[in-house]
Amino acid sequence: MLGLARGLLSGAIVSGTPLLYATLGELISERAGIVNLGLEGVMLVGAVVGFITCVSTGSATLAVTAAALAGALFNMIFAFLVISRRANPLASGLALMFCGVGLSALLGAPYIGSQIGGLPEISIPGLADLPLLGPALFAHDALVYLAAPVATLLWWVLFFTRWGLSLRAVGENPVAAFAAGRNPHRIQYQALVVAGILGGIAGAHLSVGVAKAWAEWMTAGRGFIAVALVIFSKWHRLRAIAGAFLFGGAISLQLQMQALGVPISAFLLDMLPYVLSLVVLAIWGGARRHAAPGSLGRVFQGTE
Amino acid sequence: MTAPPESARLAIAWRAGRARLASVAAPAGLALVVFAGVLLAFGKNPIKAYVDIFSSTLGSPYGFSETLVKMTPLVLTAVAVAVPAKIWLINVGGEGQLYIGAIFATWGALTFGHLPGWLLLPLMVALGFLGGGLWGLVSGLLRAKGWVSETISTLLMNYVAILLLNYVVFGPWKDPEGVNYPQTAEFAPAAMLPVLGQSRVHLGLALGLVAVGLFAFFVSRTRWGLEMRAIGGNADAARRNGIPVGRYVVGLMFIGGGLAGLAGMCEVSAIQGRLRPSLSPGYGYTGFLISWMAGGHPLGILGAAFLLAVVTAGGDILQMTQALPGSVVNILMAVILFVILGRRTGER
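In order, the protein sequences belong to chains F and A.
Reminder that position 1 of the first sequence reads as 7 in my numbering, one-by-one numbering, no gaps.
Reminder that position 252 of the second sequence reads as 276 in my numbering, one-by-one numbering, no gaps.
Heads up, some of the hints might be wrong.
[What the hints assert, rightly or not] Here are the simulated SDA-like pairs of lysine to any residue, each with C-alpha atoms no more than 20 Å apart in a straight line:
hint, chain 1, residue 1, chain 2, residue 2
1, A, K198, A, Q296
2, A, K198, F, L275
3, A, K169, F, A288
4, A, K169, F, W290
5, A, K68, F, P116
6, A, K198, F, S271
7, A, K169, F, V281
8, A, K68, F, A115
9, A, K169, F, S271
10, A, K110, F, N94
11, A, K169, F, V286
12, A, K72, A, M344
[To be verified] Chain A side only, calculated, beta carbon under 10 Å to chain F, not exhaustive:
hint, residue
13, V62
14, L158
15, V162
16, T175
17, L179
18, L188
19, Y191
20, L313
21, F362
In case anyone wonders, no lab produced these hints; they're calculated from the structure.
Here a beta-carbon is modelled for each residue, glycine too, at the ideal position from N, C-alpha and C.
Generate coordinates for the entire structure from the input sequences, incorporating the hints supplied.
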């Protein structure tokens, strides 16, 4: 029983980490008033670029850096369409997803089956040897330890810096922000750069940290789950952290049940995160409207 | 005011049609150039790739018939998107609805395999429509209640549908004689849609054309179409005028899902002859792209579906001749969509 709890907790943390990075990326993008369904594609590009960098250089640090840059660059296609060309954000996001699927398949094809060391596991001395849950909590890679601090840093930036205030103002009411001397377009571009970086890191953690392999469409809808998680979190960091690890738990439950030999098909258990997303959204549905940034999904048309 | 004479109306329709054609063809051309750049960057010869694609799809009667085969599910999944889009519902769940339609139709084929074809096939068509429709209905209900946006729920349900299909073909419906292949038993001949001559072009194409025709007719010639346009124009005003907006949301998601389910029924019944995991190379998503390209216009849907059928078939060709992964065509589709989205300024 203890082994199960330990495995489940450890699995929830590992599977929840990429979800948390992706959720934070989507959160900052939506705080600036833009729904980005293309995060799925950004994650895929991050995953494949990270993996390729890791194969060719052997450095996991370089891999994550390259993935973050690639994610930011790739997200700029979306930013250009939505901000500069005022295209529909939902359709642009889906187009970015298509592009990410194809591009990552093209880039990754020669690397299917490649072996990598991946992100090294860092056991925190002392803590990892704690009885009961020590190994489950304190024997992970660096990105896992950084996830919750990054969430807190992002929250600090959003709520305690001038830039964060401007960003939220643009998300609530771009016309008012413009009247107050902010440049909504520039701030939205900056938000989408940060979102791309976080999405790229999320993908890299999936390929370089968790799976240590590349497979076509390996994100399997995690980008969309992240969009659902942002709604679940009501655009708030603590609920985002809790939600990401809850969903990580739903993902890791499948592996644990299989290890125990529970006679439920793996395919049915795999449905859990998606069904859970829908149920959680449905229950949350009524209350969420008041928490959403005011101009979410609308396009700033200038002040004319 | 008198109605304009028939000839003038035809001229207007012709001009509108020509503009629509240009609005589809020009971005496609630009997208081909961009995609050629991508191929070049990966050390492939884009001219050879395009020659391969076009000669193998449009260059021979066989290739042309195969393009029509690919076009069939695309027409249905595109109308599946266009119907709810009339009231600005974004149905990105065509892929999942197609899978559920295929599962329902397969259940019919395996359970009632002893029935004669004239009875079994309509039953499978109805089951396929019902399956996809119910899948879309869930998203419609969630949206009508104001709980979950249909965009996110249809996307998430795609993954559930794919897992459900894998569950049935690896589990309860697995063909005991298929040894290790995850697939159901082969359908009885009565459960196979009739094909045209020696080709693989099947009755599903006619179903798709009928669906497009009915869509055009209902939208422009019936009260329901008028009310749909009213909701699309201003949902609040429509509600105040007593139009049951919620019922339209649920109903149109059901019909949209059903049409995508029909595409799934056609694929199992006419192409595969059994249920397999490799049912669709993303027909549902491509259907979304087609509907968006065509702006929901019925004739535009047929044109764009044909174009993307060439692209989809081209994906298979590139896989064989250029050793590229089949999903590479997603880049080409995305670039087409980028060009269309980037060209229009302002919300639409």
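Quiz prompt | Hints violated by the structure (numbers, ascending) | solution = 9 and 14
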